[in-house]
Every structure is written in structure tokens, then in C-alpha cells.
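Between the sequences and the hints, there should be enough to build the whole structure, so can you do that?
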Amino acid sequence: MQVENILQELNLIFRDILDNDKISLSRTTTADDLEEWDSLTHIQLVVAIEKKFKIKFTAAEIQGWKNVGEMCDTLQNKLSPKT
Amino acid sequence: MLFNSFGFLVFFIVVTTLFFTIPNRFRWSLLLFASCFFYMFFKPEYILILAFTIVVDYFAGILIESAEGQKRKQFFLIMSLVANIGVLAVFKYYNFINDQVTGIARLLGYANHIPYLIWILPIGLSFHTFQAMSYTIEVYRGNQKSERHFGIYSLYVMFYPQLVSGPIERPQNMLHQFHEEKHFSYENLFYGLQRIIWGIFKKVVIADRLAMMVDYIYKDPYPWHGLPILLAVILFAFQIYCDFSGYSDIAVGTARVMGYKLMENFNYPFRSRNITEFWRRWHISLYSWFNDYLFTPVVINKRAWGSWGVVFALLVTFSISGLWHGANWTFILFGVLHGLAVSYEFLTKKYRKRWSKKLPVFLYGRLSILITFCYACITWIFFRSTSVHQAVYMLKNLFKTNANGQYFYLGVAEIRGLPSTYMGLPFWQFAGSLMLIPFLFFSEWLLSGDNMNRFRTFPVYLRWAAFYIIILSVLILGVFDTKQFIYFQF
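Heads up: the protein sequence lines correspond to chains F and Y, in order.
Position 23 of the first sequence, counted from 1, bears residue number 23 in the numbering used here, the numbering being contiguous throughout.
Basically the numbering used here = 1-based index in the second sequence + 1000.
Hints may be right or wrong, so weigh each one.
[As the list claims (entries may be wrong)] Just the calculated beta-carbon pair ranges, DEER-fashion:
(1) F:Q63 x Y:G1306: 15 to 23 Å
(2) Y:K1358 x F:N67: 29 to 37 Å
(3) Y:A1431 x F:N67: 51 to 59 Å
(4) F:K54 x Y:K1396: 18 to 26 Å
(5) F:Q63 x Y:S1448: 31 to 39 Å
(6) F:N77 x Y:Q1070: 17 to 25 Å
(7) Y:M1040 x F:K66: 35 to 43 Å
Since the hints were made in silico from the structure, they are not lab data.
We treat Cβ as the ideally placed atom computed from N, Cα and C, and that holds for glycine.
Put into C-alpha cells, the structure is as follows:
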């Protein structure tokens, strides 16, 4: 899957979970940029992403993300793993 | 050494002056020596406990970083966590745990022969062990390089402005600062002194004056009903806020004078519109610690449970954070009540959002703030009470009348010739102390954001006048039997 598509898919998930149609994610978006994105909604986002893409993140991966871009990269690696 | 004591004033002036007169390469040893002195002022032999955890964590950090493979890294991390939590368990929770063992044994028909300990809780134990654990956890997570300089690592744990009651710092914020050369600046000096003076005012004038009325009721609440109970509960909210935020202001100010930037512990908590927001504004350093190191791992681990996984993680985190405050069921209940509130808010978010759109913004906002404040006050009944029984009594009698059907009765029955008192004080002192609360709101409004910048543009003589007035007020209105800070005991 292309990174742009991943970002678009994440945007839809964020809009749904955070209940805000105005969200427009970029690679540099962090929790500081979105009022509804806190440690409580974060896990709901993670679960929704895992469900949508049918993958599982490790605890270290989840705790390591600093922005949406890093989430996309981890997702990208999981969807098209380097052999 | 208490922050609100003359001894500390002398200590602070001497250390700060020396700090800027000696060459940079000796400054870490000056601060470390000063911090040891500061700590040993309480109970000198307890420095051995600090030394033990410092040595364990110093080596743990290096071993975690250099270990090959996740399992070995985990081993050293667990070694560090066990040492820190073990020290806490022994010095703080041993007797409480033994109490529960006695209770369970009795239920089963046995006697508990395990002896109780009579060790006094070391100063700042709950704070510096948490700060030390944050170091080893962050090294383990790869977010922080291990500190090889033993003196600087020791200083990270023992830095005197935050040693006793926080803010609980993170290695990413502090370690690099201890390696930097700090230059004297008038801006740091004045900002720091401002924070210190305002912190002292909040503690010595507001908190300690309110404490006189709060303690009067809480030391034996059973003769009281109605208004005195209600007032004690409400006033305690402002007492604990001024006490702890005052302490934090002094800590931040003291560090800032030397050029060190500590994190903020409070962000106008009484503006919170819900309990979830409250914990982002109250004792920020502790709750962000619990969020990062307990809540997050648990909620990630239990995410298959959906919303109930979040509720589980919240209840676990808040119960333990309640217990952090002290070895008593009252503190655990305090935590549980907050965990339940945050869980409730999480589960009903969409529903409450719909409600907020139905009511006028002005009303919904103000109502939210009021409800949040009331709930916090109720949880603080448990926090302040010495037993669950006492807390339940206070709760039941908030709105009850006394035996004569009176609700507003604040005084002791008149003894021949002696005047009645108002929650232990003469009327004018009682009324004056209550006026401190609107004064607090007004001052905080004055000191916030734009107003502070506007203040800085005032002519120098006006600004100095304001400082002199505050210092004079502290000297005249302050309570000077050097009451301990509330969070000292944690």
C-alpha cells in the first residue's frame, strides 16, 4: 500500500474515533495538534488501525511513535515486509 | 529543611551565591554536596537508602544500555524496579501490608506473628524513587542514553529543589541541564524570586491560615454537623492547592535562579471542566509519570478488551496512584473515586458531547467547572481523613443539621465569659481567612499570561512596590510555626 493511501485511511479512522470531521492528518501531526487525541483515545485509534489493516503492533512500536508519520512507516513495514 | 523556614533562606542564598562564583566544572559537586546537606538535615542515616538506590540505578542504566538482547535488558530493568519499589514497600507500605495480612489471618482464624516495623518514612522517598525509575525505564525504551558520570546521575536523583516533593522530573529534561554551563541572568533571578515569593505567600499565608480552620474540624469531626463540615471540605481544596502549588512554585523558582528549568506541576486545576482534564492540570508530574509508565503499558496489553480494557487500566492506575500518597485505605479510595470518574467520562463521551450542544455554552462550561470542583472536594474528604469511618461521617453530615436543628452553627457553645469561636477562630480572623480565597482567584488572574506581560511593562518602582507589599503581607499575615507541607509526608 502506498504511504499516501495509508495516510488517507488513517485520516478516516481518526475522524471516526475522535468524532471530528475536520481532522486532516499530515506526517508531522502529533497528539498536541488534536484536542481529542489523548492517552485514552490513542489506544482506541491503535485498535481501530489494527482491525482495519488486520495487523498487530508490538507494545514497543506503539510506545515509540512520535507523530503520525512514524505510525505510517510502521504500518507500511508491516503491510509490505522486506524479505 | 523546610522550604518555609529561615534556615532554608540562608541555605538558598549561600548555595546560589557559591554556584555563580565557582568555576563551572565544580558546580555539580557543589549542588550534590548541598543536596546531601539538605537531605541529611532531616535524618542523616537515611542518606544510605538514597545511596543504595542511586548505586543500583546508576549501574542498571549502564547495564541495560550495553546488554545484548531484550531479555537481558529486561532483567536489569526489573532489578532496578525491584530495588526501588522494594525500598518503597519496606519503608512505606510494610505496616499497611502487615495490617491486611493480620485482617485476612483473623478471618481464617489465625494470628499474625509477623512483627511491625517502627521506621520513620524517609523524606521524599516516593518522589525520588519515581524519578529514578523514570531514568531506567527511559534508558530501557531507548529514549535516553545512560549517564556515565556518577556525580551527575546522583545529582539527577538528589537535586535539592525537587528532592523532597517533586516535581518528578524526566531524565530527558534534567540530565542535559546538569552538563550545561549555566550563566547568571537577571531574568532568571527575577523570574525565580517571583515564583519563590508567590509560592511562600500561597503556603504561609493562604494554605496555613485555611489549615487552622480545616484542622479544627478534621481533628475531631464527630461533634460537628452541617456548615462547618461543608466549609472544612471546601477550604481544604484551596488549602491543598496553595500548599502544594506553593511548594512547586518554590521548587521551580529555586532551580530557575540558578538557570535550571523544572517542569510545571499545576495548570489552574480549578478551571477543569471534567475530572479527566483535572488530572492534566493537577500534580502534572506525578500523573504524567503514571500515564507513561503504568497506564499506557497496561492499556496496550489489555486492548483486546476494548473499552473495558481502558476502564481496567484506569482503575488500576488510579488505585495505585492513590496508594502512592500513603499507606491507608482512604488514599486508595481517593484514587478509586477518580478512576471511576475518568472511566465514566470516557464511556459517556459521545453522550455528554450531545448534551453540551443542547445547553448554552456559558451555562454548560460554568456548570462543568462547578461539578468537577465539587467532585474533587468529595474525593479530598477521603484524602484528608485519617480513616474511612471519619470520611463517611463527614460525607453524611455535609448537609445535616445538628441536634438543635441548626445547619449554620459554626461556634462552640458559649462557656461562661468566653466568646464563641468560628471554626476555632475569632470572627474577624475567620472572615479574613475566607477572603483569602477570592484574593487567590484575583491574584492568579493577575499573574496569568497576558496580565503578567502587562505587569512587566509597568515602571520599575511599581513592580518593586508590589513585591514589597507581598513580602510584608507574608511577614504580617503569615503563619510561622513552620507548618510542614502536606506533600512532605508522601
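Taking the hints in turn, this is what the structure says about them:
1. F:Q63 x Y:G1306: 15 to 23 Å: The hint (15 to 23 Å, Cβ to Cβ) holds, given that Q63 (chain F) and G1306 (chain Y) are roughly 20 Å apart.
2. Y:K1358 x F:N67: 29 to 37 Å: For N67 (chain F) against K1358 (chain Y), whose Cβ atoms are near 36 Å apart, the range 29 to 37 Å holds.
3. Y:A1431 x F:N67: 51 to 59 Å: The hinted range 51 to 59 Å holds for A1431 (chain Y) and N67 (chain F), with Cβ atoms some 54 Å apart.
4. F:K54 x Y:K1396: 18 to 26 Å: violated, 54 Å
5. F:Q63 x Y:S1448: 31 to 39 Å: holds, 34 Å
6. F:N77 x Y:Q1070: 17 to 25 Å: Hint holds: Cβ distance 19 Å, inside 17 to 25 Å.
7. Y:M1040 x F:K66: 35 to 43 Å: holds, 41 Å
Checked against the numbered hints listed earlier, the structure breaks hint 4 alone; every other hint is satisfied.
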